[in-house]
Amino acid sequence: MSNKSDSPSTDRRQFIGGTLAAAGALTLAPGVILHALAANDKATAGASGEHRWGMVIDTNKCADGCSACVDACNSEHALEGHDRPATDAVWIRPVKLKDKQTGHVNRLVMMCQHCEHPPCVDVCPTNASFKRVDGVVLVDRHRCIGCRYCMMACPYKARSFVHEALSDQSVNAPRGKGCVESCTLCVHRIDAGGMRTACQEACEKEGHAAILFGDLNDPESEISRVLKTHNSVQIRADLELNTGVRYLNL
Amino acid sequence: MRSSLISNRRLILLLTVLLTPAMQVLAESAYVTENSKAAVLERCVAPTDVMRRNHMDFLRHGRDDTVLRGVRGLEYSLAECIDCHASTDASGKAVSVADEGEFCQACHGYVAVSPACFQCHRTTPDSAAGRESLGYRFNANPRHPVGQPVDGETDHEQ
Ligand code: SF4
Ligand code: SF4
Numbered sequence: 001m002s003n004k005s006d007s008p009s010t011d012r013r014q015f016i017g018g019t020l021a022a023a024g025a026l027t028l029a030p031g032v033i034l035h036a037l038a039a040n041d042k043a044t045a046g047a048s049g050e051h052r053w054g055m056v057i058d059t060n061k062c063a064d065g066c067s068a069c070v071d072a073c074n075s076e077h078a079l080e081g082h083d084r085p086a087t088d089a090v091w092i093r094p095v096k097l098k099d100k101q102t103g104h105v106n107r108l109v110m111m112c113q114h115c116e117h118p119p120c121v122d123v124c125p126t127n128a129s130f131k132r133v134d135g136v137v138l139v140d141r142h143r144c145i146g147c148r149y150c151m152m153a154c155p156y157k158a159r160s161f162v163h164e165a166l167s168d169q170s171v172n173a174p175r176g177k178g179c180v181e182s183c184t185l186c187v188h189r190i191d192a193g194g195m196r197t198a199c200q201e202a203c204e205k206e207g208h209a210a211i212l213f214g215d216l217n218d219p220e221s222e223i224s225r226v227l228k229t230h231n232s233v234q235i236r237a238d239l240e241l242n243t244g245v246r247y248l249n250l
Numbered sequence: 001m002r003s004s005l006i007s008n009r010r011l012i013l014l015l016t017v018l019l020t021p022a023m024q025v026l027a028e029s030a031y032v033t034e035n036s037k038a039a040v041l042e043r044c045v046a047p048t049d050v051m052r053r054n055h056m057d058f059l060r061h062g063r064d065d066t067v068l069r070g071v072r073g074l075e076y077s078l079a080e081c082i083d084c085h086a087s088t089d090a091s092g093k094a095v096s097v098a099d100e101g102e103f104c105q106a107c108h109g110y111v112a113v114s115p116a117c118f119q120c121h122r123t124t125p126d127s128a129a130g131r132e133s134l135g136y137r138f139n140a141n142p143r144h145p146v147g148q149p150v151d152g153e154t155d156h157e158q
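Chains as they are written, first to last, in my numbering: chain A, 1 to 250; chain B, 1 to 158.
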């Protein structure tokens, strides 16, 4: 009976919550507290394994010289640089790929690919790197010890390390010195029911619409329809990580 | 036997004498800082003595629910503590809850326990982050309908 399901059981909580709704928090003995989590009707249900969030990026639409998505990401998560490109936090970055034989240049944006089998999670000694049931790969900064194994393990150079003490972080993305971080797929928006990431919003506003976010598990979603009708690739598909971010026209 | 009893009594007396000023400080210290939202609200999300004793457990419990399981809008939310308890200075600017004499620092400084929260979490209400983009205060969730939008203070005034 070791049925280890990834998805958290909320039934029990709801039961406890219902029973204790009036009490709020019940003190059983000093230091032992039963929390009435679900009693609070403001709380959202949380991540669900029904979804797998992902992105598709159309490299033909990604415009040369544009940095709208990077700026949007920086302001959404209050990422500030110190003019030190080697160490500043970068969650999304434009990359140019040149075919040396033909001279053809492809431009795309690169960020955490939200791998189904994430090497960053495999190597993390503290379980700080983890994958949510809905496929979003995150760092739990309460656990991260800043060893940076995950940065070495990530084939996409998707992660950054925070070198400086921070203040005035965004409430969207609490972050601090000594921890590793990367694209969260705007998880605060996902949890709030939002269906567009900050970068997608900015890219659309610029008129490029190169980024599309959505539910890979839902056959009716736009992203699934695009992926079904277009030839897309995973970058370094040979690693068999089954990335959640895919690219068109690459 | 008898002498040890006396010394126990003496000890209690001594402790009482020593602790009285400390207890006075606690009793006299304001529960909320002036010029904060909390100052005009009747009550916190739980009775004050419960919050004083247990806020760290509430927050630690909630952080796992939010970070690992994506549950937002919890009853005990650090972001909402700060929304409510950060005071404003004369010019209306928010003051950090970790500043000298402010809501968190006042007690934490007194007991010499440094709150590690603020290595990562901001110490003033976040006015820049768009309401729509915030998991923690956002209520009209189309996938998980969870009731009426919260309108700032009215939320706590029941
Ligand atoms: S792209 Fe890198 S950081 Fe993101 S899940 Fe994969 S290995 Fe981890
Ligand atoms: S830096 Fe943090 S998240 Fe990365 S492997 Fe080390 S403990 Fe895990």
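Source of the hints: derived by calculation from the structure; they are not laboratory data. You may find that some hints are simply not true.
Below are the DSSO-like pairs computed for lysine-lysine, each with C-alpha atoms no more than 30 Å apart in a straight line [stated by the list, open to error]: (1) K96/A with K42/A; (2) K96/A with K37/B; (3) K177/A with K100/A; (4) K61/A with K177/A; (5) K61/A with K100/A; (6) K93/B with K42/A; (7) K157/A with K37/B; (8) K96/A with K61/A; (9) K131/A with K100/A.
Just a sample of chain A residues kept apart from chain B, beta carbon distances all over 12 Å, derived [claimed, not checked]: (10) K42; (11) A43; (12) S48; (13) E76; (14) Q101; (15) N106; (16) H142; (17) C147; (18) S167; (19) A173; (20) K177; (21) V187; (22) I223.
The beta-carbon is built from N, C-alpha and C at its ideal position, and this holds for glycine as well.
Self-check item: Which numbered hints fail
Solution: 1, 2, 3, 4, 7, 9, 10, 11, 12, 13, 16, 18, 19, 20 and 21
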